[in-house]
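Protein chains: 4
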Amino acid sequence: MTLEKAVGVYVIAPTPFFPDATIDFVSIDRLVDAYRAAGATGLTVLGMMGEAAKLEVAEAEAVAERYIKRAEGLPVVVGVSAPGFASMRSLSRRAMDLGAAGVMIAPPPSLRTDDQIVGYYRNAVEAIGDDIPFVIQDFPLALGVVMTPEVIRRIVMDNPSCSMLKHEDWPGLEKISVLREYENRGSMRPISILCGNGGLFLDFEMSRGADGAMTGYAFPEMLVDVVNYARAGDFEAAHDIFDAHLPLVRYEQQPGVGLAVRKYVMKRRGLITSDTQRAPGGKLSSKAIDEIELLLRRLAIRDPRAVVAASAR
Amino acid sequence: MTLEKAVGVYVIAPTPFFPDATIDFVSIDRLVDAYRAAGATGLTVLGMMGEAAKLEVAEAEAVAERYIKRAEGLPVVVGVSAPGFASMRSLSRRAMDLGAAGVMIAPPPSLRTDDQIVGYYRNAVEAIGDDIPFVIQDFPLALGVVMTPEVIRRIVMDNPSCSMLKHEDWPGLEKISVLREYENRGSMRPISILCGNGGLFLDFEMSRGADGAMTGYAFPEMLVDVVNYARAGDFEAAHDIFDAHLPLVRYEQQPGVGLAVRKYVMKRRGLITSDTQRAPGGKLSSKAIDEIELLLRRLAIRDPRAVVAASAR
Amino acid sequence: MTLEKAVGVYVIAPTPFFPDATIDFVSIDRLVDAYRAAGATGLTVLGMMGEAAKLEVAEAEAVAERYIKRAEGLPVVVGVSAPGFASMRSLSRRAMDLGAAGVMIAPPPSLRTDDQIVGYYRNAVEAIGDDIPFVIQDFPLALGVVMTPEVIRRIVMDNPSCSMLKHEDWPGLEKISVLREYENRGSMRPISILCGNGGLFLDFEMSRGADGAMTGYAFPEMLVDVVNYARAGDFEAAHDIFDAHLPLVRYEQQPGVGLAVRKYVMKRRGLITSDTQRAPGGKLSSKAIDEIELLLRRLAIRDPRAVVAASAR
Amino acid sequence: MTLEKAVGVYVIAPTPFFPDATIDFVSIDRLVDAYRAAGATGLTVLGMMGEAAKLEVAEAEAVAERYIKRAEGLPVVVGVSAPGFASMRSLSRRAMDLGAAGVMIAPPPSLRTDDQIVGYYRNAVEAIGDDIPFVIQDFPLALGVVMTPEVIRRIVMDNPSCSMLKHEDWPGLEKISVLREYENRGSMRPISILCGNGGLFLDFEMSRGADGAMTGYAFPEMLVDVVNYARAGDFEAAHDIFDAHLPLVRYEQQPGVGLAVRKYVMKRRGLITSDTQRAPGGKLSSKAIDEIELLLRRLAIRDPRAVVAASAR
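Chains as they are written, first to last, in the working numbering: chain Y, 1 to 313; chain L, 314 to 626; chain B, 627 to 939; chain A, 940 to 1252.
One thing to keep in mind: the hints can contain errors.
[Stated by the list, open to error] Incomplete in silico selection of chain L near chain B, CB under 7 Å:
| no. | residue |
| --- | --- |
| 1 | Lys367 |
| 2 | Leu368 |
| 3 | Glu369 |
| 4 | Pro396 |
| 5 | Ala399 |
| 6 | Ala592 |
| 7 | Pro593 |
[Unchecked claim] Below, a sample of chain L positions facing chain A; criterion: calculated Cβ distance under 10 Å:
| no. | residue |
| --- | --- |
| 8 | Gly457 |
| 9 | Glu496 |
| 10 | Ser500 |
[What the hints assert, rightly or not] Non-contacting residues of chain B with respect to chain L, defined by C-beta distances greater than 10 Å in every case (computed):
| no. | residue |
| --- | --- |
| 11 | Glu677 |
| 12 | Val683 |
| 13 | Ala712 |
| 14 | Asn749 |
| 15 | Met783 |
| 16 | Arg904 |
Simulated from the structure, these hints should not be mistaken for laboratory data.
Note that the Cβ used here is the ideal one computed from N, Cα and C, for glycine as well.
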């Protein structure tokens, strides 16, 4: 299957570390198995929430390799955003050699005008080669780069290897509608649109026409449910399960500490051995942990899959 | 009552316009009455969500005057943020003459260092006079100015007229804990901390020690409930009502279109005559309106106060 | 004469204050006379360097009025940039009633995409009326808004009242060439291009095809010389006088303290009574003053007009 | 000699490329010899103007190695700024193994508060080890991070391995005075202060007490002259040679195209084989080249060392 037809949930996977900040490869295997069991249709590794910038080149390649190997059958997108094209090229070529389905490229924060953004992706494709399917990461809140639908259309039409949009504009619902309208009118080649932003708007993103999610909530089961219900046309069921998780989704989406929350819950679920982040990383206070535990307890009432063993912390 | 002891909900009030963009003063009266009935303990006018920047000076004064007059008994905070101190001074003096309880000052986006921020508030107090109680607006997401707890402490301790923090850092829960700890240890004079951010974290902000909310959700009843339950120690009840509203709270907090959502719901509730915004303003597509109606319908199941008449749109 | 045909030097005029920060209207008259004597072909008032944001509305109108009155015969452009369109409209209408030749509008720093910038000017024209000639201020270094030549072309072509570009992109020489090429090919209506940035590139801006300068160096005589020599085709003479002044031009163009330098030199030349700025304003240390005096002394050797009386400071 | 006692000119060295964008190691040798002949007291490689971000890790190490080897006797500072600490550590250790005198670290653009900046350098030192002398790069115009003198003092006092400040705040003259005052009063350990910003204020930076320059003008001879004259107390001679070069200095300091200008002149001087930059890089139009040639011709009249052979372009 090619990336531009992707549907479902591509889970943004973290990079698990041991308390000494070395990479925990065994937890990678466990995560992949859990994502598969949860119904994920793909994985995305070495994104921002994968702490990619904190890895050395050899480490990044090792993480990608382990994920791809274990994922066998599940397509894996590898984040290759880098300050320069030489590094982007070498990681991209390496990722594809390892069996990646494609790469994801975020624009550098310095870009301002429409032409600068379009030109950046043109240069990136020249650098990595036009044979590698790539994903546009559209994340203005974190990157400060605002892409109009027209800019996305230009990138898609200029670059046949552009296969997917990781949509995390905020607000972004109208953008999905406009892009789908472009496709319907034939002015833009169809691509896959998977949504990020921690899933905070996934319920409506689906009814606007998104193909699924590419994000990293600690209970990917919920993301899978929302996408599947919505794709089946049962939007009320989608909202029901979404609303049950929303208090935690919202808590996990806090900039700076969000990954700490996510890793904490993953550790509580037994998915990773330690919730260690490499520096600089958000830390959870004891009050924050109490809040997460409260949210887990309340969530478990509405979604039994969220029951976790009493914490021994 | 003085501002530094304020508790409860100071509702961020919009400026209602007729479809021709003239000010709808009658809706101001209606809003004040509704806020009072909902249990608000104060009002804040001419903030960002009050479209203050879109008003001429005389209009701004007229809006403040109408709100203050109708609010009789309810303290009114007036936003006086301005590109220059001369305008800030004249609006501040005028607001106090009209009976305002204090003024709110946001830092200009150009500030970077700790000293620049502290110096700005010192200059502002010199400009408006040290006899006017003022509120710090701490809103990094919108303003790009990041204040450490220590910077807030310095502003509070340098300026006896500093009475309140409108807290809308994001994430911001730890900041509340740190500020309360300063107060407990006696290193910071106690002030009122009211929380913004559309209420998206009000449940936990209260358990962290906030005194209430200063924000502008279309159902201020919920904000009042959460604050009152929390202040009474019944956090489960606070979470229950909060969670019921969270899907709409989240939808209303979208940057750019949030005010359009809020005004639409207010119009649907009969609180304002028109949901017109002055340009530039977010517009709701028909799909967005469908989404809001769906959220209202689902909310009404969990909170009967949210029942609104079927839309005749 | 209409603004779109303007050539020469439109001096960016400061707002002179007495040491108590009240407006010094007599110095305004003196400045106008000096600018006229120096060969200025127009004036621009209430710009950033005119400390416009620090004035109350009535003060701003009074400053504009005084400048326009004294300038009789010299066209005056009035800066009307404002956080909202209502204030922009009222100041624009007032300025034109007073006899202004046009208004200048800077984009707000929040704008990002090409369409947002174009849309902003469309909204501004709707607000002020399409009968008022206006100047685009293109100043990315200060405003963070980057306009491509194509965006400028769109604004010009969408709005018949767009008459001039205050060009202060940095770097910006290629932009002038591209815009002049648009005009030559007939794809953009000709407008006047006057250059800012403290004149730091005026020598080459003229050879790229600019019509002159709109900036505010303490010796406008130099700006006039460079423009006149260049327009006469004597580029070597233009460079000679430019190079003589460049050490001071460079010193005066420092962000933050530049206006303090300019006002200091103007006071030393007897053009204004005091170099007071309203807060917040850059301050000159005694070392900085020594540096300026050294620059003046060295400049006077190369340009006798720069001789100022020995300082009695 | 240790870095904290460094004086003179540490030239910011470019990375020369052949037209096919491969690294031109022979030109590295030629550059080192020319810098030594010009009187440089040190070199800095892999900085922004060294296109460090466009190199792969192995390439960066190879460039550093070649520079260090050829520089024998001249201390070489290696830029190690990186999005993550793991990469920063490995490049730092490698550079020191190769014989570097120290490393240079720029703060990431996301930092805002004083504590964030101080904390970042603490984390960086933890990552690279406290045995590696490091240089703070203070460059707000490019990085958006504003460091007060107090923040620099904190970094210096917290980290014994902090040895030097690459000063390129803008404006920045007062900052030098304040830091030297800290040292004189004994509240800050003395470090070396070398100035950047393309040398645009080197004349006055020296009289403010800077120890020299760390920047990359195409005629490093001028930087050496200014520093030497100033250190010998002959400030008039320093200004004379500085002013002669200022028109070109100013032209070369344009953001975005500055490096293209510098490399062009270096190629014209025979220092590098090609002025190729890796993408993305500024390009010179034929008009820009004419302007540079004009500047070179005019400069040669005042400084005979600037005579270059007639261009055969």
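* Asked: For Met783/B, which was marked as not at the interface, is the minimum beta-carbon distance to chain L over 10 Å?
  -> Answer for Met783/B: holds, closest chain L Cβ roughly 21 Å.
* To do: Using 7 Å as the Cβ threshold, decide whether Lys367/L counts as touching chain B.
  => Holds: closest Cβ of chain B sits about 4 Å from Lys367/L, inside 7 Å.
* Please verify that hint: Glu496/L, Cβ, nearest Cβ of chain A, below 10 Å or not. => Violated, because the Cβ-Cβ distance from Glu496/L to chain A comes to roughly 20 Å (cut-off 10 Å).
* **Hint check: 7 Å Cβ-Cβ cutoff, Leu368/L to chain B** => Hint holds; Leu368/L Cβ to chain B Cβ min 6 Å, cut 7 Å.
* **Hint validity - Ala592/L Cβ closer than 7 Å to any chain B Cβ** => Ala592/L check passes; min Cβ-Cβ to chain B is 5 Å, inside 7 Å.
* Asked: Per the CB criterion, is Ser500/L less than 10 Å away from chain A?
  -> Violated: closest Cβ of chain A sits about 16 Å from Ser500/L, beyond 10 Å.
* Distance rule for Asn749/B, whose beta carbon must clear each one in chain L by more than 10 Å -> violated (5 Å)
* Asked: Is it correct that the beta-carbon of Arg904/B has no partner in chain L closer than or equal to 10 Å?
  -> For Arg904/B, whose nearest Cβ neighbour in chain L is about 7 Å away, the distance does not exceed 10 Å, so it is violated.
* **Given hint Pro396/L near chain B, where the shortest CB pair must fall under 7 Å** => Status holds, d = 4 Å.
* Asked: Regarding the hint that Glu369/L lies at the interface with chain B, is the smallest CB-CB distance below 7 Å?
  -> Constraint on Glu369/L satisfied, holds at 5 Å.
* Asked: Is the nearest Cβ of chain L still more than 10 Å from the Cβ of Ala712/B?
  -> violated (5 Å)
* Asked: Can Pro593/L be said to touch chain B, with a Cβ gap under 7 Å?
  -> Since the shortest Cβ distance to chain B is 6 Å, the answer is holds.
Against the hints set out earlier in the document, violations occur for numbers 9, 10, 11, 12, 13, 14, 16.
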